[in-house]
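Chains A and B, in that order, are what the protein sequence lines are.
In this text, residue positions in the first sequence follow this note's numbering: the first is 1, and each later residue adds one.
In this text, residue positions in the second sequence follow this note's numbering: the first is 1001, and each later residue adds one.
Check the hints yourself; a few may be wrong.
Unchecked claim - Only some residues are given here: those of chain A computed to face chain B with a beta carbon under 10 Å:
1. Ile10
2. Ala87
3. Thr95
4. Asp98
5. Val101
6. Glu110
7. Asp113
8. Asn119
9. Ser127
10. Phe128
11. Asp131
12. Phe146
13. Thr202
Since the hints were derived computationally from the structure, they do not count as laboratory data.
Note that the structure is predicted; figures quoted are calculated from it, not measured.
Cβ atoms here follow ideal geometry from the backbone N, Cα and C, with glycine treated the same way.
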Amino acid sequence: MSLNLGVLSIQGDILENILSVQSAINALDINGTVTSVRTPDEISQVDGLIIPGGESTTIGQLSLANGTLKILKEKIEQGMPVLGICAGMVMLSKTAQDKVVGKIDQPLLEILDIKLERNSFGRQRESFETDISLTSLGIPTFNGVFIRAPSISDVGSDVEILSKFNEKIIAVKKDNIIGVAFHPELTTDTSLHKYFVNLANTLKN
Amino acid sequence: MLPLYGERTNAKGIISEKLNSVDTLRGSSTLKRGFAHMQKNGVVMDVTNVEQALIAQEAGAVSVMVLDKLPSEVRKAGGVARTASIRIIEEIMDSVTIPVMAKCRIGHVNEALVLQETDVDMIDESEVLTPADELHHIWKWDFTTPVVNGARSLAEALRRIEEGASMIRTKGEPGTGNVAEAITHIKKVNDELRTIKSIYDSGDNQDLVRIAREFKVSYDIVEQTAKLGRLPVVNFAAGGIATPADAAYLMSLGCDGIFVGSGIFNADDAQERANAIVLATTFWNESDKVKEAQKMIDERQSMLGLDVKTLDLRMQDRGGSA
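Excised from the complex, chain A in its bound form:
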């Protein structure tokens, strides 16, 4: 059976993630496809999903309007592998508040037990690149691209911390759920996308 992966296409850098997953599938020589998915029907078909970077308030409000939020939550609870990138990690979080503005009323999936701070490293001028490591995923160094990135101040007892930058948590995993604060899809290194494709492939078979 072919592996059917999706990138949530509400708002953000959807195409960039599709290209990264495609090259990960090719590099791993796995029988699989990746498409953009948006409707509840499309989402119900996929074996794994990436929620891309973008604006979490936009993605949240529109996936609520579309009926997508509900099915997403159900599928993830049933064990569908999901990779949330930046805004995507915000969407997964149980609670999120902005560094400057504080808590605002925004629809979230509330599925990952983390306490998240939006725009945690400051505004766009403070956005940065740095080398990080995801040792437990078998990725010793990775070019972390942080764009108005969030960070995590606290995690639930069953959430694994994958990486930190200057004491701030920037990547986490809980079973089928991965959240990262940086943008692997903006680099040419597909190792994190490969890890995700492998995870989805293992869970499917």
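Based on these hints, arrange chain B on the given structure of chain A.
The following block gives chain B in isolation, referenced to the frame of chain A:
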């Protein structure tokens, strides 16, 4: 993956520093163009105060653009239009969680520096304001903050990218509520992209040289853009968008997203219209959703709009030949 064609790795805007003894890099093309990539498939809304910014955020805008007056009001007021009050920009930055952009005059380096110091997330070097320098645009490689520029043609777009623009938008004709010019500009850029791609595919390098000279840009950027078959940076539509159907049509022409200027907050149904334009931009390829969005607005409350042929002031011509 991100096209980095034309990138200058030694640019002054790139800052390499240690953060708690860890090496970091700021202001790189990946970060500046990457920011624009996060705006894709979204709507950036022009606002003049906190109240409008909150309505925009609530509606699902991906950013707000702060101006002193909406483009249609600039048109009516005449005189010199400059960058917005810093105090208002800061108030808005403290009130919304989405990115805040602001406009500076074409070629006005110090207005742009002031906006960078204010920490806006993106600077728009905009023809809506009165140009400060008709011959030179800002050399945007000197900035750590990304800059967006308007363009009416592929030549203009590539000239701005060579100066360091991290994002392009069509110029359209701002403040008119008339989408015709934005449609013309995006179609022209698309046509020209198709032309250079077919020249590239045919292997006729001399013809690409001819085009580079005609466009007043380097051979490299023409060749790389031709190879890619699209602009190497994100390309939004702007200028005269007033209804959900306007937004959906521009998305269908291949725009990466939408800027709405006067169309929302000059209409009498701003809140509904903001919601509706966001819906139509996201779901542009689902005709029932665009219809639903269009139904949310009342045409009798749309801004009246202006026929571009009757205009005394054509903002799109500003900075166009440079």
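These are the hints, each one checked on the structure:
Annotation: isoleucine 10 (chain A) was flagged as interfacial toward chain B, and the flag holds, the nearest CB pair being 6 Å apart, inside 10 Å. At about 7 Å, the closest approach between the beta carbon of alanine 87 (chain A) and any beta carbon in chain B falls short of 10 Å, and the interface hint on this residue holds. For threonine 95 (chain A), the shortest C-beta to C-beta distance to chain B is roughly 14 Å, which exceeds 10 Å, and the interface hint is violated. A distance limit of 10 Å between C-beta atoms decides the matter here; for aspartate 98 (chain A) the minimum to chain B is near 4 Å, and the interface restraint holds.
Hint status for valine 101 (chain A) relative to chain B: holds, with the closest Cβ pair at about 5 Å, below 10 Å. Taking 10 Å as the C-beta contact cut-off toward chain B, the hint placing glutamate 110 (chain A) at the interface is violated, the least distance being around 18 Å. Given hint, aspartate 113 (chain A) at the interface with chain B, is violated; its Cβ is 22 Å from that chain's nearest Cβ, farther than 10 Å. Below 10 Å, beta-carbon pairs count as interface contacts, and asparagine 119 (chain A) has one with chain B at about 7 Å; its hint therefore holds.
The beta carbon of serine 127 (chain A) is positioned within 10 Å of a beta carbon in chain B (closest approach about 5 Å), and the interface hint is therefore held. A cut of 10 Å between beta carbons decides the hint on phenylalanine 128 (chain A): the least distance to chain B is about 4 Å, and the hint holds. Restraint check, aspartate 131 (chain A) versus chain B: the minimum CB separation of about 7 Å is within 10 Å; hint holds. Proximity of phenylalanine 146 (chain A) to chain B holds as hinted, the smallest CB-CB distance being about 8 Å (cut-off 10 Å).
A cut of 10 Å between beta carbons decides the hint on threonine 202 (chain A): the least distance to chain B is about 25 Å, and the hint is violated.
The earlier numbered hints that this structure contradicts are 3, 6, 7 and 13.
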